[in-house]
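Asks: Produce the complete structure using the sequences and hints provided.
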Amino acid sequence: MRGIEITITVLILSAIFGYLFAFIAGLCRLSTNPILRGFTSFYVEIFRGTSLIVQLFWLYYAIPMLFGIDLGSNLLAGVLAISLNYGAYMSEIVRGSILAVSKGQSEAATALNMSRFQRMRLVIFPQAVRMMLPEFGNYLIQMLKATSLVSLIGMHDILYHGNILRSSDLSAAPTVYLLILVFYFIMALPLIFLTRKGEAISKKGVASQ
Amino acid sequence: MSESVVTKEHSQDTQTENKDVIVSYKNITKSFGDVEVLKGINLDIKPAEKVALIGPSGSGKTTIIRMLMTLEQPTSGEIIVDGKNLWHMEKNGDLVPANEKHLREVRGDIGMVFQHFNLFPHMTILENCMTAPIHVQKEDKASAKERSIEMLKKVGLGDKLDNYPSQLSGGQKQRVAMARALVMRPKIMLFDEVTSALDPELVGEVLEVIRDIAKEGEMAMVLVTHEMEFALDIADRVIFLDNGVIAEEGTPSEVLEHSDNERLQQFLHRFRS
Chain L
1 MRGIEITITV LILSAIFGYL FAFIAGLCRL STNPILRGFT SFYVEIFRGT
51 SLIVQLFWLY YAIPMLFGID LGSNLLAGVL AISLNYGAYM SEIVRGSILA
101 VSKGQSEAAT ALNMSRFQRM RLVIFPQAVR MMLPEFGNYL IQMLKATSLV
151 SLIGMHDILY HGNILRSSDL SAAPTVYLLI LVFYFIMALP LIFLTRKGEA
201 ISKKGVASQ
Chain F
1 MSESVVTKEH SQDTQTENKD VIVSYKNITK SFGDVEVLKG INLDIKPAEK
51 VALIGPSGSG KTTIIRMLMT LEQPTSGEII VDGKNLWHME KNGDLVPANE
101 KHLREVRGDI GMVFQHFNLF PHMTILENCM TAPIHVQKED KASAKERSIE
151 MLKKVGLGDK LDNYPSQLSG GQKQRVAMAR ALVMRPKIML FDEVTSALDP
201 ELVGEVLEVI RDIAKEGEMA MVLVTHEMEF ALDIADRVIF LDNGVIAEEG
251 TPSEVLEHSD NERLQQFLHR FRS
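Sequence order for the protein chains is L and F.
Be aware that the first sequence starts at 1, since it is given in the UniProt record's numbering, and climbs by one per residue.
Be aware that the second sequence starts at 1, since it is given in the UniProt record's numbering, and climbs by one per residue.
Rather than coming from a laboratory, the hints here were simulated on the basis of the structure.
Hints should not be assumed to be uniformly reliable.
Said to hold, decoys possible - A partial selection of chain F residues facing chain L, derived with a Cβ cut-off under 8 Å:
| # | residue |
| --- | --- |
| 1 | Val96 |
| 2 | Glu100 |
| 3 | Asn118 |
| 4 | His135 |
| 5 | Met184 |
| 6 | Phe271 |
As the list claims (entries may be wrong) - Covered stretches of chain L, as calculated for chain F (at least 3 residues, CB under 8 Å):
| # | segment |
| --- | --- |
| 7 | 100-107 |
| 8 | 113-121 |
| 9 | 126-136 |
As the list claims (entries may be wrong) - Straight-line Cα separation of at most 20 Å, DMTMM-like style, residue types lysine to aspartate or glutamate; simulated pairs:
| # | chain 1 | residue 1 | chain 2 | residue 2 |
| --- | --- | --- | --- | --- |
| 10 | L | Lys103 | F | Glu72 |
| 11 | L | Lys103 | F | Glu193 |
| 12 | L | Lys203 | F | Glu193 |
| 13 | L | Lys103 | F | Glu100 |
None of these values were measured; they are calculated from a predicted model.
Glycine included, each C-beta is placed from N, C-alpha and C at the ideal position.
Replies: Put into structure tokens, the structure is as follows:
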């Protein structure tokens with residue numbers, strides 16, 4: 001079936017930018033600067049509190065009309081919508097994991113005369129990332145499924161090709177949609193495996209008293 | 001902290017401090033919310049002196065050493081470390097609250113061992129020891145590694161270098177924590193109830209290491225402890241804290257055997273029964 005390469009491209013790009021946004025927003029929400037904190041809270045709540053499909057339509061149809069900013073391609077709009085949305089969710093994981101590293105770790109690092117930045121880089125962050133891995137895996141699987149939405153802004157992903165097939169032969173609908181389900185599941189398998197792996201890694205090497 | 005800015009005279013006063021004192025607490029108070037935990041502590045510690053802090057729980061023993069390690073900020077008063085004001089620095093002739101750079105300069109000679117070890121779980125035993133010398137003291141990697149191995153051998157863990165903390169017993173973890181603090185070559189070592197979280201049969205091996213360190217002599221040591229026999233054995237001075245003040249101090253035998261302070265007697269009685 002065609003369209004798999006589109007689905008995978010959107011997934012990979014969304015994942016990269018999603019994690020990037022998650023780290024940036026998560027760290028900003030822990031910042032001591034109230035303006036930075038306020039701005040990121042605003043971003044997170046807006047993107048968590050509204051529908052992904054509507055965000056997608058905003059980026060693809062509404063924003064170019066209102067502000068004359070053309071995102072150039074539906075790929076960019078799709079990736080941006082998915083990664084901004086999931087980045088908002090995952091920023092909470094980043095923030096929560098950093099806060100969950102036991103206070104004793106930071107105190108021990110202070111006792112070794114590390115600076116604030118060294119404490120974060122050498123002690124807190126490596127442990128927090130281990131805690132993030134299983135949840136990050138879960139969201140990766142969710143992102144895979146969310147990529148199907150890009151068919152709505154005219155991208156030729158699996159779902160789009162499925163719909164084309166179905167419209168040429170309406171009686172084929174059950175077979176076509178079953179096939180699409182199977183394809184998504186097959187693509188999700190390595191991600192499920194990755195998530196398990198993440199869980200195993202995160203089990204060792206974190207102190208949270 | 002409203003009373004953070006104090007007069008300059010105070011600071012010059014401390015610059016001409018007696019050279020025989022490495023740490024000096026001057027009228028330190030500390031409140032947590034409405035609770036005043038320390039009500040004016042004055043305490044001088046000499047280089048290489050071994051001081052044991054004892055007292056009922058909640059008497060503020062741990063808070064005293066945590067303030068010296070910069071983990072807790074005093075509500076008022078000054079702490080002078082090696083002639084330098086720890087919590088305040090001079091700026092345009094005024095004393096202002098210390099920034100991180102100043103804290104790092106002054107606390108560099110202080111090391112601490114914690115009740116719950118606080119080893120870094122994502123690093124091997126060896127990495128736990130060599131990370132700070134490399135990143136904080138900018139020592140070259142080979143020499144930091146060599147000194148760390150040497151120190152771990154000294155605490156009896158030379159065969160565990162590549163193990164992770166989760167693979168060790170409590171007593172072994174605490175010995176790693178001591179090695180980690182010692183490779184930083186502190187002039188002052190703080191021990192915060194380091195045997196309290198250990199199974200009784202593991203206490204001995206940890207006290208043994210502390211005894212060895214104490215014998216070498218050159219470091220000042222402040223121990224918050226419930227091990228009275230041990231305090232009697234290695235301390236030069238025992239301080240009994242009660243209700244946020246120093247209620248009794250003196251040599252171990254003066255305090256633990258010959259004091260007639262009633263609260264102290266009650267406290268010791270509970271330990272011996």
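Asks: Taking the hints in turn, state whether each one holds.
Replies: Hint by hint, here is what the structure shows:
Hint status for valine 96 of chain F relative to chain L: violated, with the closest Cβ pair at about 18 Å, above 8 Å. Checking glutamate 100 of chain F against chain L by beta carbon gives a least distance of about 6 Å; that is within 8 Å, so the hint holds. Look at asparagine 118 of chain F: its Cβ gets to within about 4 Å of chain L, closer than 8 Å, so that hint holds up. Among the interface hints, the one on histidine 135 of chain F holds; its C-beta lies about 6 Å from the nearest C-beta in chain L, closer than the 8 Å criterion.
Evaluation of the methionine 184 of chain F hint against chain L yields a held restraint, the C-beta minimum of about 6 Å falling below 8 Å. Interface hint at phenylalanine 271 of chain F: violated, since its Cβ lies 27 Å from the closest Cβ of chain L, which is beyond the 8 Å cut-off. Evaluation of the coverage hint for the segment 100-107 of chain L: fulfilled, as 4 residues show C-beta separations to chain F shorter than 8 Å, against a requirement of three. Look at the segment 113-121 of chain L against chain F: 5 of its residues bring a Cβ nearer than 8 Å to a Cβ of that chain, three or more, so the hint holds.
Given a C-beta distance limit of less than 8 Å, the hint that chain F covers the segment 126-136 of chain L holds, as 3 residues qualify and 3 suffice. Our distance criterion of 20 Å between C-alpha atoms is met by lysine 103 of chain L and glutamate 72 of chain F, whose separation comes to about 13 Å. Restraint check for lysine 103 of chain L and glutamate 193 of chain F: the C-alpha separation of about 17 Å stays at or below 20 Å, so the hint holds. As the CA atoms of lysine 203 of chain L and glutamate 193 of chain F are separated by approximately 29 Å, the hinted pair breaks the 20 Å bound.
Between lysine 103 of chain L and glutamate 100 of chain F, the direct Cα distance comes to roughly 18 Å. Compliance with the 20 Å bound is thereby established for this hinted pair.
Violated hints, listed in ascending order, are 1, 6 and 12; each of the other numbered hints is respected by the structure.
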